[in-house]
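Asker: Those protein sequences? They're chains A and B, same order as listed.
1 is the number of the first residue of the first sequence in this note's numbering; add one for each residue after it.
1 is the number of the first residue of the second sequence in this note's numbering; add one for each residue after it.
No wet-lab data here; the hints were simulated from the structure.
Errors might be hidden in some of the hints.
[Claimed, not checked] Straight-line alpha carbon distances no greater than 25 Å define the calculated DSS-like cross-link-like pairs of lysine-lysine that follow:
id	chain 1	residue 1	chain 2	residue 2
1	A	K21	B	K203
2	A	K102	A	K70
3	A	K70	B	K360
4	A	K70	A	K106
5	B	K455	B	K203
6	B	K60	B	K319
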Amino acid sequence: MSRLNDANEVLAKEIIARYPKPRSAIIPLLHVSQQQNGYITHEAIAHIAELVGATSAEVLGTCTFYEMFKMHPVGKYLINICSTMSCALMGAEQLIEHAEHKLGIKVGGTTPDGLFTLERAECQAACTEAPCLQANYRYRYRVTHEQLDRFLDDLAEGLLDGEIPPHGVLAQVRQSIPVDRAVGAVPPDDVEGAPRWMAT
Amino acid sequence: MSSYPWAPGFIDDAHRPRIVTSRFQYEDGYTLERYLATGGYAGLRSALSRTSAQVLDEVKAATVLGRGGAGFPAGTKWGLTPAGVWPRYLVVNGDESEPGTYKDRLLMERDPHQLIEGCLIACYAAGLSQCFLYIRGEMALAQERVATALNEAYAAGYIGRSILGSHFSVDIVLHWGAGAYVVGEETALIESLEGNRGMPRLKPPYFPAAVGLYGKPTIVNNVETLANLPWLLTHSAAEYTAIGTETSPGTRMVAVSGHVRRPGVYEIINGTTTFRDLLYGDEFCQGIRGGRQLKAFVPGGGSAPWFLPDQLDLPFEAKVVSAAGSMLGSGAVIVMDETTDIPAAALTLTRFYAHESCGKCVPCREGATWLERILERVVAGRGTARDLDQLLEVGATICPGAFPHASSAGQGIEAVPFPYRMTTICFVGPSAYVPVHSALTLFRDEFEARLIKRKLIPVSAGVADDHG
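Build the full structure now, drawing on both the sequences and the hints.
Answerer: See below:
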């Protein structure tokens, strides 16, 4: 039941076709599945394995290596507060403590209403805008304690629904390669000789 | 704050050459319309009017140094592909996650077409028949902007079959990462792109240019490196090398974070700009916050050994910086003022690398964790003098022999030049040791002051002969 739905299976096949080898699509497909369910289910892993011609164990092995894939439900909003050096120098630890207090949970926990999961994150490439955080991978910069309070309130009240989709929805725009423009992926061992423009 | 609200952190109020950030001033700099109105895709047209070999020569002549960390010249890297072996791939490293580094994300969010054009030029020059643009998973906006730009560029005939009516055909595939720092290492990036756990490959072979994606020759280039190419092809290698120095031509983006008045991302002149210019110059960071004193700074991202005020006058020149005991890395300067708790600051970096260790090499998997635990104990005031020695002993199992560090005139410490020797496949393990070693070498007194203070706490009133 948590396999990819029909629309996502079509999308999955489109993504797989872009790669010279189907297994390269494992990570993108895990994202598709997390977008559908909010987290990764074992049924989805089995389905992805079928689609790319791998075993479930191989897909699970890949899945568990990467921080973003959650094997259990998390809050609607995943709040990642950066605590690496640049943010730490600008008060990240105090911000995390404040968030714990405000949400009534510890880092790693989820609020009882299922709205928020709080995580301590590593460097988010916004070091000049410290301390920074991400809610479902959308940034907030130079966050003061008051701004954090207001931000969490706004999220809870649904005021930011347009900007910040629920956990699992990553990019809201997808690449789509037009059939009449695509060169098409070729299995690496089927390629013979130099590409045409190198020969001329 | 930024000069422009839509480009967080980017500061541009000086008259310096703009090679890669020229469109950040436009709010709509990420659209095809703006890109074309500002000379976009002219570099591609210029490339297509020449042979691949001529384009490759132009890039080689410009010495476009890699901006990802290692600083290897792009043209030379492209030339390492073995003759007659096909297909060859391009993998774009957009997995920016080195502590302190913030530039590739801006380039992807603010000027995605420039990156796409750079990819096309590289593919044309080096005969790469498919390009994979690997973007860090946590960067949702960059994903969206690059996806939109790719869709626009396909529709307009800049990507895909018979580009601009030529024999040149290439697909660019947007690939999403999913959160793993180590994937920034090029062989781990390739493993990840093959659908595997992102663990670095055993070396040799040292260069994916020989054996890479699916075992085929693969060029892995950083986002900023490729973003230089459209300018280079619309101008020339001669104009490119006229900026900067002979060994460090052009510009480079540098993010300065931490305790400065104006933290931000700057496009600086390579080779000649000094750390003092950057930290204290009016057009840059304008000094330390609150007029305080500088204590130390990280010159090239979390993996770089720390510098002291002694090193402020060094320029952004790789050879000079490595002789002084560190590296320029990924263009990231992290500044610590006099109020900084040095052991605690070192811990934030060591914790990062311990957390990001992929677990493949024992010295890193075990050593980084040990370093983190011992350092945590010391920072918490529960460390012993033995712990300080043990930090160095554990570090020596990851990096045997002399370890690079800066000089300190005040303390009579001489520099040990970069690089180090290592017992691991990649740089994550050594990087966990870098902050520990720098902090302990240059600020040992701060660690000693933290050691546990033993106080006699009798268990009972008992004494030896009190058995009556």
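Asker: All the hints need checking, so say for each whether the structure fits it.
Answerer: Quick rundown of the hints versus the structure:
1. A/K21 <-> B/K203: holds (23 Å)
2. A/K102 <-> A/K70: holds (24 Å)
3. A/K70 <-> B/K360: holds (22 Å)
4. A/K70 <-> A/K106: holds (18 Å)
5. B/K455 <-> B/K203: violated (52 Å)
6. B/K60 <-> B/K319: holds (19 Å)
Taken one by one, the earlier hints fail for this structure only at number 5.
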